[in-house]
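With chain F held as given, fit chain Z onto it using these hints.
These protein sequences, in sequence, are chains F and Z. For the first sequence, the working numbering begins at 250 and goes up steadily by one. For the second sequence, the working numbering begins at 691 and goes up steadily by one.
In case anyone wonders, no lab produced these hints; they're calculated from the structure. Even for Gly, the Cβ is constructed at its ideal location relative to N, Cα and C.
Just the calculated beta-carbon pair ranges, DEER-fashion:
| hint | chain 1 | residue 1 | chain 2 | residue 2 | range |
| --- | --- | --- | --- | --- | --- |
| 1 | Z | GLY878 | F | ARG312 | 29 to 37 Å |
| 2 | F | ASN554 | Z | TYR1033 | 56 to 64 Å |
| 3 | F | SER550 | Z | LEU975 | 54 to 62 Å |
| 4 | F | GLN288 | Z | PHE881 | 30 to 38 Å |
| 5 | F | TYR363 | Z | GLY1083 | 42 to 50 Å |
| 6 | F | GLN288 | Z | ASP799 | 54 to 62 Å |
| 7 | F | TYR363 | Z | PRO983 | 28 to 36 Å |
| 8 | F | GLN288 | Z | LYS984 | 30 to 38 Å |
| 9 | F | GLN288 | Z | TYR1033 | 31 to 39 Å |
Listed next, the stretches of chain Z that the computed footprint assigns to chain F, with coverage defined by at least 3 CB atoms under 8 Å from CB atoms of chain F:
| hint | segment |
| --- | --- |
| 10 | 755-768 |
| 11 | 875-886 |
| 12 | 1033-1046 |
With a Cα cut of at most 27 Å, we get these calculated DSSO-like pairs of lysine-lysine:
| hint | chain 1 | residue 1 | chain 2 | residue 2 |
| --- | --- | --- | --- | --- |
| 13 | F | LYS303 | F | LYS372 |
| 14 | F | LYS303 | Z | LYS984 |
| 15 | F | LYS309 | Z | LYS984 |
| 16 | F | LYS371 | F | LYS309 |
| 17 | F | LYS372 | F | LYS309 |
| 18 | F | LYS303 | F | LYS371 |
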Amino acid sequence: MLHVALGLLLALQAANAQQRRADSRTWYQAYADGRRAVQQGNWQAAVDSLEASKRAGAPKPGRRVPFYGDVFDDYLPDYYLGIALTNLGRYAEADRAFEAVRASGLIRPNDREYAQFDTQSKKAKTELLALGPSPAPANPTNAAAGGAPGGGAAAGGATAPPPAGTNAEVNPPATPQPTPIQPSPAATTPSTVPNYQPPPLQPSTGGSGRSGIVPRTPQPSPATPNAAVIQRTLSPKEEEAAVTAYLSGRYDQSVNILGVLQSGVTGSERAFFYLACSRVALAILGQADAGSIADARAILSRAGNPARFNADSRYISPRVLRMLGVTP
Amino acid sequence: MRTFGAIACVLVLLPATAAAQTSLQIPLQFDFLNPGAKSLALAGAFAGLADDATATFANPAGLLQLGSSEVSIELRGTHTNTQFLAAGRLSGTVTNEGTDTIQGPFFGDTTGSHTGVGFLAGVYSHPSRQWVIAGYRHELARVDQTYLSNGVFQVDPVTHVSFRERPQEGVREVSITGYGIAGAYKIGPLFSIGGAMTAYTFDMNSVFRRFSTDGFFGPPLLNQELSRATQTGDDVSWAPTVGVTIGRASTRFGVVYRRGASFDFTTVEANNPVRTSVFRVPDTLAFGGSFRPKPPLLAAFEVTYIRYSRLREDFVTDQALSVGFPDNFTIDDGVEVHGGIQYAVTRWPLIPRFRGGVWFDPDHSVHFTPTGDPSFDERMSTALSTGKNQVHGTGGIGLTFGSHFELNAGFDISSTTKIFSTSLILR
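So here's chain F without its partners, still in its complex pose:
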């Protein structure tokens, strides 16, 4: 009887927690909250709200987008997301957000956001490259060094590989370097990674009709690491931290730690298994889109035979396992 009561209590608590997580804000309300949080320096709240905005059926980012009624405003979620993530030290994600802004061409040198965009995006990229082999604080999927479509002037397209013998070769950045390409004339090759300063953002020379930042030649996927670069491996400590995060219900944190596996960083099959589970858990909670489940299945395929993780599976929700195609 006591067990039943306890079970009910736990179920109720779980339901409440789920309800609390449910975000009933419209996309523009979440965006306004996120923007306000950025102004207040409340970075995590900003990230939560801006990501909620993108999940809540928001239109394509743009200028003078209809919000509600007759309110037309600029919708630049990635710009604010980049600022918040940079201030949270999640440089890879910040860089990815800034690259999305750059690719969209929505922030031009004459825009009021440009100065901040320029400063923050440079900072994110510099810090990202300076991270070295230390545990990545964030998921560098599709990261700066060529991850975003076309890279961008300040990204891979303008980043020549560091000269041999520099710190970068001994302590490679968290993400593999892309295959070298012809650097932009405006780009400068950093002498050492910590002191690396990205080149100035290049104005567009056409295409969109706006003098925005346009992507450069598409870069190779970071999942194809350059053989000349030392391969980073997820440490057991990181893996345990991710597993602990997962089992504590902090799926986003688990994804943050394990997400590097999708960027060429190697790890154990168990790490891939937990990454897949985490992605599905986030999708169930509505914190990731439905496409995340397909990604998770692809990740799981890299974990080998799921039966090897029967011991772990006892602590995984049967719903998660079912969605991954694993028999609980």
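Below, chain Z without anything else, positioned relative to chain F:
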């Protein structure tokens, strides 16, 4: 002289009937359009849109769409023409003596104009975005009519004797203002409910006076008042509104029910005892939708059912009591159909929004069923023949000044009504 004596006798017998005619033949014009210049320009199709502070009245559930708190104020001017039976000869042949010079009925126009703060609202949007609360003031109705009827000439079908309705002057002032509190709660991402409780103040001052004439055919002698009747009311009454919205910005539907308030008023007639009656504002049930097929394009519709028949008991029947035929006067309920469209030119400065619309306003004048008294029926059926369906054309523009200030202007024009409105929204 015999003829004059007979006519004079008839004139003495007519006052009560004439009083009923002249007060009932002037329809009480209610403005049930939603407040706000934007709504006005969109032909009042706002139940499903309800996306600014005027939603406090139009459909409180829509308040949850607001991205922030806001204040709205509207200045509205209304110009209404109402036809009334002013003179003429309804039967027999004109004598061309004195005022008996017009064959057939002659309708005069009474014009009522009012300009003032039609709507004022403040909306507080809770940071949780889960609920909203608002307060508002809304001028639901403003009627200001004055008319003078010369008195029509008729021939009694039995005696073939001419008789004349007594000249009458009428002054009718009705003012209904709502002070409400509205709130809305989000049930889910796509579903919101809202409600309002409104205290309506009612003020009515109507005076109907009868005058003597300069001989049988002469003009009214306005310094010789023969009798008067008054209707006065000063009351406060509460009435609720409930509404829901379903959908998101691209497609949204709304339903709203607004209960009409009821007020006491007093009628004083020459020799009759003082009567206290109830003035019932019609209930409204509206269903609407809004669609945004492309970001700059918005379309909205609304179908509104209005229970005008509530005005019959006691407001109409009270005026018909003195003629003894209260059951012969009715008002039909009406179904209005509204449709509006907006196009925003986002690349232009101030992001102008051009609006236009059209709406169908069904006849909601007092209808008369013949009583069997040929002279009375002739007069009343003529006097109440001017009611008709109408189509209103609307239009307007909205401009945005910075991120905190919005200006809207709109108009609504029909064959009898002209409304102009300007509203400001501060966020």
